[in-house]
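Engineer: Throw the hints in and build the complete structure from the sequences for me.
Number of protein chains: 2
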Amino acid sequence: MATGAAVSRGTDPEPLPDGVSSSSEVSLDELQLSQRNHGMHLEGLRYDVTPAGMHYLLIHFDVPEADEASWKLSVDGLVRNPIELSMADLRSRPSVTTTVTMECAGNGRARLSPRPISQPWLGEAVGTAEWTGTPLRPLLEEAGPLDGAVELVFAGADRGIHKEVEHDYERSLPIADALGDEVLLAYEMNGDPLPPQHGFPLRLVVPCWYGMTSVKWLTRITAVREPFEGFQQLAYRYRQEPEDDGTPVTRMDPRSLMIPPGIPDFMTRSRIVDRGRHVLRGRAWSGWGAIERVEVSEDGGSTWASAELGDAVSPYAWRSWSFDWDARPGVVELCCRAADTAGNEQPLEPSWNLGGFSNNAVQRVSVEVRARA
Amino acid sequence: MATGAAVSRGTDPEPLPDGVSSSSEVSLDELQLSQRNHGMHLEGLRYDVTPAGMHYLLIHFDVPEADEASWKLSVDGLVRNPIELSMADLRSRPSVTTTVTMECAGNGRARLSPRPISQPWLGEAVGTAEWTGTPLRPLLEEAGPLDGAVELVFAGADRGIHKEVEHDYERSLPIADALGDEVLLAYEMNGDPLPPQHGFPLRLVVPCWYGMTSVKWLTRITAVREPFEGFQQLAYRYRQEPEDDGTPVTRMDPRSLMIPPGIPDFMTRSRIVDRGRHVLRGRAWSGWGAIERVEVSEDGGSTWASAELGDAVSPYAWRSWSFDWDARPGVVELCCRAADTAGNEQPLEPSWNLGGFSNNAVQRVSVEVRARA
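Sequence lines, in order, name chains Y and C. For the first sequence, position 265 matches number 879 in my numbering, and the numbering has no gaps at all. For the second sequence, position 172 matches number 786 in my numbering, and the numbering has no gaps at all.
It is possible that part of the hints are untrue.
Listed below are several chain C residues computed to face chain Y (Cβ distance under 8 Å; list not exhaustive) [to be verified]:
| id | residue |
| --- | --- |
| 1 | 639 |
| 2 | 648 |
| 3 | 660 |
| 4 | 663 |
| 5 | 674 |
| 6 | 675 |
| 7 | 724 |
| 8 | 776 |
| 9 | 809 |
| 10 | 878 |
| 11 | 882 |
| 12 | 886 |
| 13 | 889 |
Covered stretches of chain Y (chain C as the covering partner; in silico rule of three or more C-beta atoms under 8 Å from a C-beta of chain C) [to be verified]:
| id | segment |
| --- | --- |
| 14 | 665-671 |
| 15 | 726-737 |
| 16 | 766-775 |
| 17 | 904-918 |
By construction, these hints were calculated from the structure, which means they are not laboratory data. For glycine and all other residues, C-beta sits at the position ideal for the given N, C-alpha and C.
Structural biologist: Right under this line is the structure:
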């Protein structure tokens, strides 16, 4: 791959880099990951707030054992006043509840060709939750980052090995982003203590950014002088080749999803509906701006019509949409696509990158419309 | 397959029947199922009761929309007094809470060769929950099955198509089994209303039986004169060939699982531990009797040593076990196996059947023991 040529989708005669498969079928290793890291049932799009247990989940290593009574969060590094807080300390601080749509950066990865090998998401790696916690900003202001501090590194208690590198899960944010009023240290999800698999007893929640930023099982926040280059920071970059520096994966690109109409076939999940009028419903979101347009296609993306937009559940959560559909007998492919106020629109075809990030190509739902009334 | 020969694992020269794959890799259809139907994180074995959202889940079709206020359960068919109950009626009846270990009948399916194509479980399709509801038996006694009634058919609100047959999800129980004191009409899980994906607002819970028996989104109980032969009833049978009558899948065969020790590799989930003493912990259960023995092997199943048994969480839930392990440097394969008081023991190798049910072959965990302290 020293030629500098980009890996194109499907027809490139050059050998594939490590970690990319020419097969659409997944290995037992990938299957094993997908048994742990589940998506949201698409019919869950009917709820403003995703019920506990339906929200998507990505755990890089193991869910650590955690004892709330002895849990400590330290704020240290290049700060004037290093701080250590217990969970009781954190709970005694001002609390806010924010409804946030969160999506995995790898959502859609398994639909790329060739296929980057990692957690094989198809498109359901999303959820919306009410996160309750204390805002990060006042705590950072108390700690007082010193001149020269450029980023904060957030460390979780989960530890493991990826590509032969043993590490704790750690991700950084530029200080300006960490100071956003919407960034939370969360200890409740949907009104209950965090479930273990969502970061009990404490996690970072960074609205608008892909989920890898919202570090679970948070133990430490460290102000640093240089941009962080830990394993997970370098892993989440848009690259065409292993040697590329690439660019960082940050905010969520726009995506819309529909509740598949009618009833499913067990194995294929394709749909059967009766002819006549149906209301298609779904949600759309973007981390770059508000959703300003959702369109629906009944012919696989050749022609489009505008959906009706509902309200956003919060400034940081998905917006509902609906579309009156007159279903005529035959087999159709329904699609939806969203555009945001920042000028981003979902593409018809995936944009390929080595890590398989941000494949926000339009959802396609195969439907057989039956002639019976 | 008209010769009557059993399909053997791997070396049979005959063509495979429909729905069986010679490849260990799974298709996008199977992957799509595994994104919806998630297993339990094995580290979740540390909890007596599985936290909400970590319990395994199998949904044949879609999670239906459900309104508790208008939900009705009817008890009809061959009964003296047909009954219709609202959720308020059911909640006003005596309530009990029972802790139950539930497992999918297809657990382990994806480790068979050739591989039956369906939800591709590896081994984590289990969970233990506190189910609260009203016992079924008194309600049945009020309805009064008439002479000639042999089974009760339980119908859910979920509907779809499987192998070209459109149907509601329905399963039956012989009346004697349905009259067991432990059978519940459950409306709470772990102290909260049922999550939508676990059957809100009402489900059947049949302890000791595989999970397909515990019908979710329960709307109707019908006493019938002949053994029920609906799609789901005929699907869950042990068969070697499509033409076989087979025998019904009923209670859970014994299984033990361990919490994988040390830390994982992201992609392979294989483990790294430091040399020295470790306590291996896990759980074991059987639907046929109490667990009376768990053994651990450090050499892939050649030699075995007894684990120490803890208490069962309830008469219907898993029993904890532990094992003192002196880890010596090298690569080892840890295994565990359980035996119950009914004389069943986990096999070293899977027993093959066409539906891929009840593969309770021993769990195998690959571990690298490091020389450092």
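Engineer: For each hint, tell me whether it holds in the structure or not.
Structural biologist: Do the hints match the structure? See the list:
no., hint, in the structure
1, 639, "4 Å, holds"
2, 648, "5 Å, holds"
3, 660, "7 Å, holds"
4, 663, "12 Å, violated"
5, 674, "6 Å, holds"
6, 675, "5 Å, holds"
7, 724, "6 Å, holds"
8, 776, "4 Å, holds"
9, 809, "5 Å, holds"
10, 878, "5 Å, holds"
11, 882, "5 Å, holds"
12, 886, "6 Å, holds"
13, 889, "16 Å, violated"
14, 665-671, "holds (count 6)"
15, 726-737, "holds (count 5)"
16, 766-775, "holds (count 3)"
17, 904-918, "violated (count 0)"
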